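4 protein chains.
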Amino acid sequence: MNEFVLPLRVYLEDTDAQGVVYNASYFRFLERARTEWLRAKGVEHNRLRDEHGIVLVLAGIEVKFRRPASLDDELYVSAELSGVTGARFVFRQEVRRDTADGPLLCEGTAEVACMDAMQRKPRRVPKALFKELNVWM
Amino acid sequence: MNEFVLPLRVYLEDTDAQGVVYNASYFRFLERARTEWLRAKGVEHNRLRDEHGIVLVLAGIEVKFRRPASLDDELYVSAELSGVTGARFVFRQEVRRDTADGPLLCEGTAEVACMDAMQRKPRRVPKALFKELNVWM
Amino acid sequence: MNEFVLPLRVYLEDTDAQGVVYNASYFRFLERARTEWLRAKGVEHNRLRDEHGIVLVLAGIEVKFRRPASLDDELYVSAELSGVTGARFVFRQEVRRDTADGPLLCEGTAEVACMDAMQRKPRRVPKALFKELNVWM
Amino acid sequence: MNEFVLPLRVYLEDTDAQGVVYNASYFRFLERARTEWLRAKGVEHNRLRDEHGIVLVLAGIEVKFRRPASLDDELYVSAELSGVTGARFVFRQEVRRDTADGPLLCEGTAEVACMDAMQRKPRRVPKALFKELNVWM
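Residue numbers (our numbering), protein chains in the order written: chain B, 1 to 137; chain V, 1 to 137; chain L, 1 to 137; chain R, 1 to 137.
Since the hints were derived computationally from the structure, they do not count as laboratory data. Nothing here was measured: the structure is a model prediction, and the numbers come from that model. Honestly, I wouldn't trust all of these hints.
[What the hints assert, rightly or not] Partial chain R-side listing against chain L, Cβ under 7 angstroms, derived:
| hint | residue |
| --- | --- |
| 1 | G60 |
| 2 | I61 |
| 3 | F65 |
| 4 | L129 |
[What the hints assert, rightly or not] Some chain V residues flagged as far from chain L (calculated, every beta-carbon gap over 10 angstroms):
| hint | residue |
| --- | --- |
| 5 | P7 |
| 6 | E13 |
| 7 | A17 |
| 8 | G19 |
| 9 | V20 |
| 10 | A24 |
| 11 | S78 |
| 12 | V90 |
| 13 | G108 |
| 14 | P126 |
| 15 | K131 |
Heads up, the beta-carbon is just placed ideally off N, CA and C, and yes, glycines get one too.
The task is simple: from the sequences and hints, build the whole structure.
What follows is the structure, encoded as structure tokens:
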């Protein structure tokens, strides 16, 4: 099962003077959900670096904003692994309101690259990590 | 001339524990450049709302991250109007380092929608605004 | 009972290039805890504005940073009402790690002012709100 | 001369749904001004770490909010060194609007500690750094 849904609350910090959630806040929400997808599989940032010698970095992202979110809203942010290449993970992501099946606010695709933690160069995803993540190429 | 380049400095607030500029920070930078593109034409958020009855909101964005930026870097963020439809502006944007022609860190396309300030519904861009912006459909 | 403790996770967005949680992030955490203190009593921002005609704004804050927090840490952020005057709430707040009684990372005092939602001027806290909050002057 | 004033613009990212600048944004502004105070003396974060083996971290801060700031405002953020002990710098800081002598929006005191970059323990400010900063104990 390669989907994860993270519930979160909209705070003042996430909103802007137009009275809705500020656009860059969604990119923070989307990253939280990808991080929790990893954590749900027992993998944290520190372990990636210390045991696998890698960091995961966002290589590209494409997002459509469908409806605004407001202060105090409860959002459900999903991360679903939709593809893996040698050095990249591709996630389909959505932000919905009220419930995990509620109104769609935002949807997109994030491409996450595996980088060598020392040299900061692209690197193939370690096989051991694929196993841990229960993901098959 | 429909391009604007905004120089800005990378502060601690923009970075993350991976030692580089955090991905969501770029979306803040890109918006600053679009806002300055407008301001350079004499248009501020308040005037859009008070005189034209509209707000501009991000409808979609697609970004590729090419190279990381670091603390204290000087970045040059461009916004170039590449298309206009009845209710949307499309901007090509880049983030470069050191100079306006320096190494490319990030590039993308932002689609900005014109919304009625009261009803929060999509609305055609007012003709008077097109004139002010010196933009032709 | 006038204390509330909010558990939260440290994400990349909260950290900086010094490898720890960025100082301004704590002010976001402290506000989330104050907001949840209110919500636990059934009061949300919208209701404050719509039913009581007020907004609550931070008038002053004083914080000491004791120990750094790191990526992926689980933090416990408390908000305890320690005083009320006619127009202000005073909160004692702490951030601890791992458990609600874990190592103290940060502590401080926040003064929150009651403002008229329309006129943006200081205003006495409505009596009805005191009752709802179960707070006595 | 130990004062520095940084002009900056308020963007959407700095505001919140109450229509004004969000409280945590001020702490980002104050840090930008302290960083530019250092840079004006030729000292950047990287040099602190690489040449002096230290990092500067916020140890405490106390801020009073006097008046709100709004979207598109031009702010002037000052940092003035008001005291130095063996391991700490104390800055008086203000945020004003429109000009460096404009209406006072926020004022406070920030205590910045010198830490060993490796061991993350408090450390006396290196004598060589005092000289560079043109600061005398």
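Evaluated hints:
The beta carbon of G60 of chain R comes within 4 angstroms of a beta carbon in chain L, closer than 7 angstroms, and the hint placing it at the interface holds. The interface hint given for I61 of chain R holds, since its Cβ lies 6 angstroms from the closest Cβ of chain L, which is under the 7 angstroms cut-off. Contact between F65 of chain R and chain L, as hinted, is supported at the beta carbon level, the nearest pair being about 6 angstroms apart and thus within 7 angstroms. Look at L129 of chain R: its Cβ only gets to about 17 angstroms from chain L, farther than 7 angstroms, so that hint breaks.
Every CB of chain L is more than 10 angstroms from the CB of P7 of chain V (nearest about 20 angstroms), matching its label as outside the interface. A Cβ of chain L approaches the Cβ of E13 of chain V within 10 angstroms, the least distance being about 6 angstroms, so the stated non-interface status is violated. A beta-carbon of chain L is positioned within 10 angstroms of the beta-carbon of A17 of chain V; the least distance is around 4 angstroms. A beta-carbon of chain L comes within 10 angstroms of the beta-carbon of G19 of chain V; the shortest separation is about 5 angstroms.
Under the 10 angstroms C-beta cut-off, the non-interface status given to V20 of chain V relative to chain L is violated; the minimum distance is some 7 angstroms. The beta carbon of A24 of chain V is not kept farther than 10 angstroms from every beta carbon of chain L, the shortest such distance being approximately 6 angstroms. The Cβ of S78 of chain V sits about 24 angstroms from the closest Cβ of chain L, beyond the 10 angstroms cut-off, so the non-interface label holds. For V90 of chain V, the shortest C-beta to C-beta distance to chain L comes to about 28 angstroms, beyond the 10 angstroms cut-off, and the non-interface label holds.
Annotated as non-interface, G108 of chain V keeps its C-beta farther than 10 angstroms from every C-beta of chain L; the closest such distance is 19 angstroms. Chain L leaves P126 of chain V outside its interface by the beta-carbon criterion, the shortest separation being 29 angstroms against a cut-off of 10 angstroms. The claim that K131 of chain V lies off the interface holds: its Cβ sits roughly 35 angstroms from the closest Cβ of chain L, which is beyond the 10 angstroms cut-off.
Hint compliance for this structure: hints 4, 6, 7, 8, 9 and 10 are not met, and every other hint is.
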